[in-house]
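Asks: Put together the whole structure using the sequences plus the hints.
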Amino acid sequence: MKPFKQVDVFTDTIGLGNPVAVVLDGSGLTTEQMQRFAAWTNLSETTFVDEPTDTNADYRVRIFTPADELPFAGHPTIGTCHAWLEAGGIARSDSQIVQQCEAGLIPLRKSGSRLAFATPSLIRSGEPTREVRQQLIANLAISAEQIVGCEWVDNGPGWLGVLVDSVDTLRALAPSLSGELVAVGVAAVTDKAEPALEVRAFFEAGGTREDPVTGSLNGSLAQWLIGNGTLPSTYVASQGRQIGRDGRIAVSSADGEIWIGGDAVTVIDGFVTPA
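Just so we're aligned: the sequence shown equals residues -2 to 272 in the numbering used here.
Note that these hints are calculated values from the structure, not bench results.
Treat the hints loosely; a few may be bogus.
With a straight-line cut-off of 20 Å between C-alpha atoms, the simulated DMTMM-like cross-links for lysine to aspartate or glutamate are [what the hints assert, rightly or not]: (1) -1 <-> 266; (2) 107 <-> 252; (3) -1 <-> 83; (4) 189 <-> 165; (5) 107 <-> 254.
Label-pair distances were calculated between CB atoms; the ranges are [stated by the list, open to error]: (6) 53 <-> 171: 30 to 36 Å; (7) 109 <-> 142: 26 to 32 Å; (8) 86 <-> 190: 33 to 39 Å; (9) 86 <-> 122: 32 to 38 Å; (10) 265 <-> 202: 33 to 39 Å.
Just so you know, even glycine gets a beta-carbon here, dropped at the ideal spot from N, CA and C.
Replies: In structure tokens:
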């Protein structure tokens, strides 16, 4: 039996964020067992916590989708840290918690009920080729004029970031991804102070699916859109309304890094037996 929590992330209201399953003791489990359990939960991500192998980290986490392992993901980072702290985890430092994952060491900060992580560096950036841009237009079923900007903003999952001309355009999307487009994040600047940005995230995983609230994407979009002056150094983004969620992502630029923050609430607390 392993201690287990299911956490709703980027919300303080159960059912409006993005859930993550957290097995708080991954010791003794094989990669195959972890992958099988992640497939069974059928959530976008399931995480397994273990002792760190890096002395600078407070804990180590492995992150799995139902199909494969990820080097990093945003809402599992906040959800796992929330679960670890709630279960009695104590950080080495008073100022931050350090998570070890396949992408390296990820620092987190806690302010009240909110946790925030420093976004890892992009592994791919810059404008896509003309062929990829044409494929994007076809996959999103919009015109070239409706795309304000388009860049690779990949920090692991393969994100291509797209800025469209209006919230109406964003909300009307019903894409079908194909080819090189395996993870597309689409955003529109709003006419409000909060949220300043509305975001949708699409994956090609045996068919195009929409992710409720996505920390990794919001971090990479912030690197792009704060970096080019489209957005201020601090803002709030909204994600998930088109699929019945209402996630809120607090974005800030500080100490030369982009920090992605949000609330988290535990929904299930108990024990599991990963087979």
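Asks: Go ahead and decide if the range 33 to 39 Å is satisfied by the Cβ distance of residue 265 to residue 202.
Replies: Violated, at about 24 Å.
Asks: Quick one: are residue 86 and residue 122 within 32 to 38 Å, going by C-beta?
Replies: Given range 32 to 38 Å: holds, Cβ gap about 34 Å.
Asks: So does residue 86 sit 33 to 39 Å from residue 190, Cβ to Cβ?
Replies: holds, 36 Å
Asks: For residue -1 and residue 83, compute the direct alpha-carbon distance and say whether it is at most 20 Å.
Replies: holds, 15 Å
Asks: Does the structure keep residue 107 and residue 254 at a Cα separation of 20 Å or less?
Replies: Distance ~16 Å between residue 107 and residue 254 Cα, so the pair holds.
Asks: Can the restraint linking residue 189 and residue 165 be considered satisfied, given a maximum Cα separation of 20 Å?
Replies: holds, 14 Å
Asks: Look at the Cβ atoms of residue 53 and residue 171 and judge whether their distance stays inside 30 to 36 Å.
Replies: Distance hint for residue 53, residue 171 is violated at roughly 45 Å.
Asks: Given the hinted pair residue 107 and residue 252, is their Cα-Cα distance within 20 Å?
Replies: Measuring from Cα to Cα gives roughly 16 Å; hence the hint holds.
Asks: Regarding the pair residue -1 and residue 266, is the alpha-carbon distance no greater than 20 Å?
Replies: Satisfied, since the Cα-Cα distance of roughly 11 Å is no more than 20 Å.
Asks: Does 26 to 32 Å hold as the CB distance between residue 109 and residue 142, or does it fail?
Replies: Roughly 43 Å apart at Cβ, these two residues miss the hinted range, so it is violated.
Violation of the numbered hints given earlier is confined to hints 6, 7, 10; the remaining hints are satisfied by the structure.
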